[in-house]
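There are 4 protein chains.
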Amino acid sequence: MTLNLQELQASLDNSPFHQMFKMSVFEANFEAQRLSIRQQFTSTVERLAGTKQYHGGAIASLIDITGDYALFYVLGFGVATINFRVDYLRPAIDTDLLAVAKVRRAGKTVGVVDIDVTDNCLRLVAVGRGCYSTRAG
Amino acid sequence: MTLNLQELQASLDNSPFHQMFKMSVFEANFEAQRLSIRQQFTSTVERLAGTKQYHGGAIASLIDITGDYALFYVLGFGVATINFRVDYLRPAIDTDLLAVAKVRRAGKTVGVVDIDVTDNCLRLVAVGRGCYSTRAG
Amino acid sequence: MTLNLQELQASLDNSPFHQMFKMSVFEANFEAQRLSIRQQFTSTVERLAGTKQYHGGAIASLIDITGDYALFYVLGFGVATINFRVDYLRPAIDTDLLAVAKVRRAGKTVGVVDIDVTDNCLRLVAVGRGCYSTRAG
Amino acid sequence: MTLNLQELQASLDNSPFHQMFKMSVFEANFEAQRLSIRQQFTSTVERLAGTKQYHGGAIASLIDITGDYALFYVLGFGVATINFRVDYLRPAIDTDLLAVAKVRRAGKTVGVVDIDVTDNCLRLVAVGRGCYSTRAG
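So the protein sequences, as listed, match chains A, B, C and D.
For what it's worth, this note's numbering labels the leading residue of the first sequence as 368, then goes sequentially.
For what it's worth, this note's numbering labels the leading residue of the second sequence as 368, then goes sequentially.
For what it's worth, this note's numbering labels the leading residue of the third sequence as 368, then goes sequentially.
For what it's worth, this note's numbering labels the leading residue of the fourth sequence as 368, then goes sequentially.
In case anyone wonders, no lab produced these hints; they're calculated from the structure.
As the structure is a prediction and not an experimental result, all values here were calculated from the model.
Careful: at least some of the hints might be erroneous.
Note that identical chains are pooled: a pair holds if it fits in a single copy or bridges any two copies.
In silico DSS-like cross-links for lysine-lysine, where the CA-CA straight-line distance does not exceed 27 Å [claimed, not checked]: (1) K475 x K419; (2) K389 x K475; (3) K389 x K419; (4) K389 x K469.
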């Protein structure tokens, strides 16, 4: 009954906002309560033309989305973000990004997810922590 | 020497990431250390096609950008986001958004900014709090 | 039916953790959805002996408590903290503190409160933002 | 040259605020950039008399302190908290707590630390994320 990568990807693709970015579900591990999304560099994420540097808003969006999908995968239904925090650790320049979301708690009303974002050199670019409403519709 | 609205808008427009959204500098008040950006609904912010509901990532981006520009305006130079937090209070559907950023502290190393986002009915949609590195280049 | 200052103070005093600090409910304004707690300097809040500087943990506790009591006052029942954030803006030395909590949203499941902490010179010492579970027991 | 457990403990004990709690440095691992502090239950942390439940402020303080000491240990000098976030996952009742802080980034100006707090049954009670100013005095 668990969603597979194709179903998760189809859901991801079904959002006009997501379509501005090249994001693909990279891994989903139910036992580890972990889900990863890879983002390819596109000009739509660029902070300043020609710099190939990611805008912070693109990284924040990737973090929120990956945390959200981790709970969607673990719980089997969509959840709404209550709040989240992003800490930027290094600029991300001319690189793909890998966001790995780990569910820390999927309670009856609230879920908490940690999201690490790394670049092609496996350097930590940003860390996120999201809190989501997990009450089933 | 303070930047005027045209200069702030030109800087805002000079980012490929920003160009995906229809954002305009609405107000800048130096005495109040406040800067506001208005965002028009566009299909690029939509969470699911046809719903006209803003994706959380679009709102988070608006919050980060408005906080950043408030310090840019107050300090006269660009700053980098250290971290920020977003709390979502209500869905934003088929509406423009107004993000009002108020500088709470512009210290020698760190600046802290509060950002309120309201919809066309003046309802609070989200609140943000950003921490920025204010050390001059 | 709204709790008055004496009732709020009695509840505040009824906690061993609170009793380590000298905290008093200073103001409660239902229309403004605002509640304030004053904290007197005591040696129990001191970071290093003799410095009279508040430890960050004492300020964080004051913020969490004041946010919690603001929702308690507005809703009429106790709430649990889901998460909160504290930004420290200035050291607080040899001063009382006033924490002013403003409810930004008291929804059916989640409440969000902003808390400003100022010193005797009305300087902003820290700002907090708390998210609380508002579902009635 | 690295500080040993005795030196870290002596520093920890040298604060009136810390003395209200029974905290001991449990482990310090330089390679892993990790430091842990154990807190014993005392009546000073109690939310309501007789419940043996930790007050959130006591847990938040433990998180801030452990994150701070992790950077102190890694860098060799004391750092100031810029901001931090706490997410509460479960009540902590009649138990010791173990806070494990892992440095995620110790940059030239800013350090970011993750702190996990578990109870005697190894259940996650709370997670923290702190941002500290790492510029040497």
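Comparing the hints with the structure gives:
no.	hint	result
1	K475 x K419	between (42 Å within a copy, 24 Å between copies)
2	K389 x K475	neither (33 Å within a copy, 33 Å between copies)
3	K389 x K419	both (15 Å within a copy, 22 Å between copies)
4	K389 x K469	within (21 Å within a copy, 32 Å between copies)
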